[in-house]
Amino acid sequence: MSPGRESNELGGCAGKSRGPAELVLLLGLLALLSGVHQFHRWSLSALAPRIMEAYSLSEAQFGYLQTAYFTTYTLAMIAGGWLTDRVGAYWTLLFVAAGSVGGSLVFGWAGGVMLPMASLLLVRCGMGVLCAPLYPATSRTVAVRFPQRWQAVANGTVTAAAPLGIALAAPILGWLAREGGWARALSVAGWVTLPLVALWAWLGRGAAPGAWGAWGARSTRGLGSLFRHGGMWSLALSYAAVGYYEYFLMGWLKYYFQVIRKVEDSKSDFYNALPNFAMMALA
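With my numbering as the guide, the letters of the sequence shown map in order to residues 445 to 727.
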């Protein structure tokens, strides 16, 4: 891959200076993408009691909806990283933004007309596939465009935006659902965040890239060496052990507080948000 092609894929021009204002703008966009994605990703958990009541779902049946997303999201993650390497972070993040927002819009519409459960499963599966490249793409963008001394801070900011998006999902969607029902809440959230797709399409391409030469020097080894790297497997397995167990617990917080513990609706939204605000502060 040529330096020119790498630069085009990442939405900039080779040799363009990386001014602080441009990096702050880019970091803000990446954090916004991360937060909005997580907001939509956890929308079903935030509305779990209402969706279960509307479709007369058992806990196991609602779990299928959760599993549908995480299964396709996990299976498509490596392919999402491969896609990011091939077409660039700009395009894959555009897919992610469209998938996150579009997933809620379509799910809200499907719920509004009470399409069968199988249709809801398909929507969540599709959303999982489209959103899988998010963190491979944001990590690559940070590695290529940001000076090395700021890369950990940049990645930490993008990561902190994720629990912020999750924390806001329950109170915002809960309030919208109390005003107009859960399907309308998803639709409104989708339409309100839809401009993010256009914002990334407009500003993402023009953000300043990092030096391609340093990236190219680090990426000359084949995939075989990556999969033989013990550190990579340690990170992957530790994330699976902690991250996905955490998802299991967080995905049922709203249901636990409101249905099991009989906490009042709006108060349960607040309790649901608290652990995620703590995670954001410590990210």
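Quick caveat, the hints were computed from the structure, so don't treat them as lab data.
Cβ atoms here follow ideal geometry from the backbone N, Cα and C, with glycine treated the same way.
Please note that the accuracy of each hint is not assured.
Unchecked claim - Beta-carbon label-pair distances, calculated as ranges:
#1 L670 with R622: 27 to 35 Å
#2 V531 with Q505: 31 to 39 Å
#3 K711 with P464: 18 to 26 Å
#4 W646 with L681: 20 to 28 Å
#5 R649 with L681: 15 to 23 Å
#6 S678 with L559: 21 to 29 Å
#7 W594 with L679: 15 to 23 Å
#8 P615 with A504: 41 to 49 Å
Taking the numbered hints from earlier one at a time, note which ones the structure violates and give those numbers from smallest to largest.
Per hint list: 1, 3, 4, 5, 6, 8 violated.
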